[in-house]
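Line by line, the protein sequences are chains A and B. Residue numbers for the first sequence follow my numbering, so the first one is 27 and each next one is one higher. Residue numbers for the second sequence follow my numbering, so the first one is 27 and each next one is one higher.
Everything labelled a hint here was simulated from the structure, so no lab data went into it. Any given hint could be a false lead.
No copy is singled out in the list; a pair is fine if it fits within one copy or between any two copies.
Here are the simulated lysine to aspartate or glutamate pairs, DMTMM-like style, with alpha carbons at most 25 Å apart [as the list claims (entries may be wrong)]:
hint : residue 1 : residue 2
1    : 285       : 222
2    : 285       : 129
3    : 183       : 125
4    : 285       : 228
5    : 183       : 255
6    : 183       : 198
7    : 285       : 202
2 protein chains.
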Amino acid sequence: MATCQSRCRRPDDADGRTTRCRTLAVVLRECGSRDSWTSRVSGHGAERETGHGSARRVTHVCADGSVGRNGTDGRLEVARRQISGQEETGFEVRSQDLEVPLEQYRQWPKFPLWLVLDNLRSAFNVGGLYRLADIARLAGLTTCGYTAHPPHPRLDKTALGTLDFVDDTHTETTLEAVSDFQSRGISVWAVETTSESRPYTEVTYPQPLALVFGNEALGVDRDVLETCDGMIEIPVFGYKNSLNVASAAAVVVFEILRKWNYDPGDRVGPEDGEGS
Amino acid sequence: MATCQSRCRRPDDADGRTTRCRTLAVVLRECGSRDSWTSRVSGHGAERETGHGSARRVTHVCADGSVGRNGTDGRLEVARRQISGQEETGFEVRSQDLEVPLEQYRQWPKFPLWLVLDNLRSAFNVGGLYRLADIARLAGLTTCGYTAHPPHPRLDKTALGTLDFVDDTHTETTLEAVSDFQSRGISVWAVETTSESRPYTEVTYPQPLALVFGNEALGVDRDVLETCDGMIEIPVFGYKNSLNVASAAAVVVFEILRKWNYDPGDRVGPEDGEGS
């Protein structure tokens, strides 16, 4: 639907960025019915890139509202102020795609946190970790050993379009990656269940920090564990106690962002984390 | 290796449960070399069930240590006391499989939290959510609409053996599930990005609670959102901002467990959550 591609634009944040704002009223007018709006605008973002091109074009309610640096409350307040249409239910379903030029996005500070993937065997999991590195605006991701890395046809598919937005590196061995981070003054912690691991919610995370996640079956290699500066673990309460590695990483990463008050600091790009 | 299947057993916790304890010293003696030990004992649990039967038989360092109800610190202390062997690096790599009879496990209280899956299309994601319901010992999981549900060959594979340990229900529609929970006094919240959603870290979660997760592309259905008692969202900071639904659920569930101080309360089984 051609009219769905039009957008209102206005320079309206402190830095003078031009943001794109779409209210429910606009969407309803253009799409013509609540049903079509519902199917187009709803969505929490998971895998919506696959075959939902038209939906993506009409879902950008408030792009800059999702990346504000003034904490979560401020972010939501910005979003609420920018939404002018109100439906009978009193709320808008927003999606989360960002629509600023990539060059501009790359100037925004990233959280000084890296993911280090120690010989993961599943390209699906690696794709999920790229998606995590994107959504959390992490400083970077290092694939080690036989971990799938670009160019890789399955990874292109499973990363759902995030490959271009994550600063990634590949090393032949995980030990090489750990050594490189440490030589740059970046602490390296492993996420692994050991007798010395501390619960991931009960630690103070240093900045900058690299987190090592291990192979789906074997975990983090013993030699790598011995080299790391710390070890954390997720508590378990079940019978099988099996958690997907990308899910485990999401749990830890969002806890770290919470502890950092969602403030990425002033570092820009992958090299500014040096010299902690 | 036949000798790897032997275990020391001793009744050593307050409830007189018989636990199985395996120290590094025992493993090293039986497996004969550090290399074989490393490949057998390490692992954070993700997908280790697939083709690693021998590894599973030697990885149970301290089964009851991972499910203590006295908070995380107490749990680790129990684990540390039970580990008698010390290697040069000074720590043991533990795995997390639980080895108590299923009937006994079913008597332990579960966290009064349910997952409600609103027409998920991916059996892989549903399997991941079963794994999450197991590892977090949730009260139950409800599959709705066309969400894959047992018996289902792909789900058997993707749930990695957790189907038997999760109390699950299937309903034809998500609205039916929401209505059923509410009639039993269980609050129902949707995890969805809307203008009225509150950040998942900044809310007080009621007990008992059911969480609705929506279709990977469409999100939670609008009619379901209107019926829910609350809406929460995960903040996003990236460019594509796409998070796998099972990862998103893991982030929210472990935050809720943290806020509940990892104390499941006294409820046992799926029906004891009634009458909040």
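Structure-based check of each hint:
{"no.": "1", "hint": "285 <-> 222", "in the structure": "both (22 Å within a copy, 24 Å between copies)"}
{"no.": "2", "hint": "285 <-> 129", "in the structure": "neither (29 Å within a copy, 39 Å between copies)"}
{"no.": "3", "hint": "183 <-> 125", "in the structure": "within (21 Å within a copy, 38 Å between copies)"}
{"no.": "4", "hint": "285 <-> 228", "in the structure": "both (10 Å within a copy, 13 Å between copies)"}
{"no.": "5", "hint": "183 <-> 255", "in the structure": "neither (34 Å within a copy, 36 Å between copies)"}
{"no.": "6", "hint": "183 <-> 198", "in the structure": "within (23 Å within a copy, 31 Å between copies)"}
{"no.": "7", "hint": "285 <-> 202", "in the structure": "neither (29 Å within a copy, 38 Å between copies)"}
The structure is inconsistent with the numbered hints 2, 5, 7, although it conforms to all the rest.
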